[in-house]
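S.K.: Read top to bottom, the protein sequences are chains B and D.
Going by the working numbering, the first residue of the first sequence is number 1, and it counts up by one from there.
Going by the working numbering, the first residue of the second sequence is number 1001, and it counts up by one from there.
Derived from the structure by calculation, the hints contain no laboratory data.
Bear in mind that the values here come from a model prediction, so they are computed numbers and not experimental data.
For every residue, glycine included, the Cβ atom is placed at its ideal position computed from N, Cα and C.
Misleading hints may appear alongside valid ones.
With a straight-line Cα cutoff of 25 Å, these simulated BS3-like cross-link-like pairs (lysine-lysine) come out [unchecked claim]:
#	chain 1	residue 1	chain 2	residue 2
1	D	LYS1002	B	LYS37
2	D	LYS1173	D	LYS1218
3	D	LYS1337	D	LYS1358
4	D	LYS1156	B	LYS37
5	D	LYS1092	D	LYS1156
6	D	LYS1337	B	LYS37
7	B	LYS37	D	LYS1092
8	D	LYS1337	D	LYS1218
9	D	LYS1173	D	LYS1092
10	B	LYS42	B	LYS55
11	D	LYS1002	B	LYS42
12	D	LYS1050	D	LYS1092
13	D	LYS1156	D	LYS1173
14	B	LYS37	D	LYS1173
15	D	LYS1218	D	LYS1156
Using C-beta positions, here's what the derived DEER-type ranges look like [unchecked claim]:
#	chain 1	residue 1	chain 2	residue 2	range
16	D	GLY1142	B	GLY82	41 to 51 Å
17	D	ASP1311	B	ASP70	34 to 44 Å
18	D	LYS1353	B	ALA6	53 to 63 Å
19	B	LEU38	D	ARG1153	16 to 26 Å
20	D	ASP1290	B	THR35	29 to 39 Å
21	D	GLY1301	B	ARG36	28 to 38 Å
22	D	GLY1135	B	GLU54	25 to 35 Å
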Amino acid sequence: MSTDAAFDADRPYRLSPNIALRPEPFGALAYDFTTRKLSFLKTRTLVEVVRALEKQPDARSALVSADVPDGERERYLDALAGLLSAGTIEAR
Amino acid sequence: MKLVEHFQRGLDAPICLTWELTYACNLSCVHCLSSSGRRDPRELSTAECKAVIDELQRLQVFYVNIGGGEPTVRPDFWELVSYAVDHQVGVKFSTNGVRITPERARWLASTDYVDVQLSLDGATAEVNDHVRGPGSFDTVIGAMENLREAGFRDFKISVVLTRQNVGQLDDFKRIADHYGAQLRITRLRPSGRGADVWDELHPTAEQQLTLYEWLLDKGENVLTGDSFFHLNALGSTPLPGLNLCGAGRVVCLIDPVGDVYACPFAIHDEFLAGNVRDTGGFTSVWRESDLFERLRTPQTGGSCTSCSAYDSCQGGCMAAKFFTGLPLDGPDPECVKGNGERALAAVGAGTEKPRPDKDHSRTVAPRKRPVAVGIGWGPPEPERIPDRACDTSPLAGFQP
């Protein structure tokens, strides 16, 4: 886990390999098989963003590909920063 | 909709699934919530258990809490643990430690996705063995030694809080720290044989306050199974964790014969949703059973609705209410506002309370009824020589 580096919206990320996502009506459960910690992605759009990270050149592009409205982008970038520090996503 | 509301309406699969693999147990703890002791001949076979694991993998149930009975006495137990972790179903299993040999501890330490939870109900042999039976303290401490020796870090030490051990909270923490383990404390339920001892063993109102304050003060790295949410009404600081009853919504139990109950503390026909052997398997039971659908509809607070603390305690534990004869939409028997005691007094005056109806206790509980007559093997000792040849009367040589 590269939790040392701060989140940078212009860099590429991906779902950490030790995390599994389970879709649910509210979004998804995120389970870390290494730490056995369960966390929640609280909107379906956030799940789409997280899944898009791997295919996009940077985090900002993942927001675009998941159709995050302009007004909500800052909120989603904050969420991604939180997921990075929790180890749910990692730099690639 | 808030996350907690989604939970109340039920998820596509459980988050936390308890799976009791056998009713067989070498101990006969007085508060056993599954009334375990004897194996049930209808218990799921190895192949059936593997089919359940395959289903859990498809449902993305990421981990199961395996218990019993004593799950490790099943001959195929380690095979099933390996099968589960090989199919992305992590395992935490509860044990009294009887099979945690040095060799097994090393295997566990080297296996990913397996966590061990040792049951300890007293920080001293005296307090522990009173509830769990003679010798059980030494057994579990031996298992902890073996796990520590093998380098297994952060295994769980699980304590059911009783009137007798609330005063030992700091001692439990010290034991956990000593073994590099994590302490877990949970609530005593009047379920299974626990129904018989609940009056004697459940913490007093004063002890509940001590516990709440201890959890706020020192409980940061202490697990609770989110089982003390009824204490939230004691103060303005909510305890960490899920503040709701997850029964049939995010939690359920699969018992050794494949019956699916709303939660591990509710082994009674009233809370039986179906069986994994039914058509459609566990998935259909979880998603379509009448009972679970009912539990996922909005619940009323009943007589608690007008209470200022209802938002923080949510009416408490369904199983605790049921087995103490209280209405499910009324107060928890351990309601910190004292409403439970008043309701219990009313119950005592009238209707009979429901009894746990699935008993696998051994008919002769070893600690309750000691065998008065020894059964000898090998040549009889001089004082045991039968009165006459071929007449080994059980009373021969008996000295009252």
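S.K.: Using the beta carbons of D/GLY1142 and B/GLY82, state whether their distance is inside 41 to 51 Å or not.
M.R.: The hint (41 to 51 Å, Cβ to Cβ) holds, given that D/GLY1142 and B/GLY82 are roughly 43 Å apart.
S.K.: Is the straight-line distance between the alpha-carbon of D/LYS1002 and that of B/LYS42 25 Å or less?
M.R.: Between D/LYS1002 and B/LYS42 the Cα gap is close to 9 Å, so the pair holds against 25 Å.
S.K.: Hinted pair, alpha-carbon criterion (25 Å max): B/LYS37, D/LYS1173. Please report holds or violated.
M.R.: holds, 22 Å
S.K.: With a cut-off of 25 Å on the C-alpha distance, tell me whether D/LYS1337 and B/LYS37 pass.
M.R.: violated, 34 Å
S.K.: CA of D/LYS1156 to CA of B/LYS37, is that 25 Å or under?
M.R.: holds, 15 Å
S.K.: Could you see if the CB distance from D/GLY1301 to B/ARG36 stays within 28 to 38 Å?
M.R.: Given range 28 to 38 Å: holds, Cβ gap about 34 Å.
S.K.: Can you confirm whether the C-alpha distance between B/LYS42 and B/LYS55 stays at or below 25 Å?
M.R.: Satisfied, since the Cα-Cα distance of roughly 22 Å is no more than 25 Å.
S.K.: For a C-alpha distance cap of 25 Å, please report whether D/LYS1218 and D/LYS1156 respect it.
M.R.: holds, 17 Å
S.K.: If you draw a straight line from the CA of D/LYS1050 to the CA of D/LYS1092, is it 25 Å or shorter?
M.R.: Given that 25 Å is the threshold and the Cα spacing comes to 17 Å, the pair holds.
S.K.: B/LEU38 and D/ARG1153, beta-carbon distance inside 16 to 26 Å?
M.R.: holds, 20 Å
S.K.: D/LYS1173 and D/LYS1092: Cα distance at most 25 Å?
M.R.: holds, 20 Å
S.K.: Does the hinted range 34 to 44 Å hold for D/ASP1311 and B/ASP70 at CB?
M.R.: holds, 37 Å
Comparing the model with each earlier hint shows violations of hints 3, 6 and 22; every other hint is respected.
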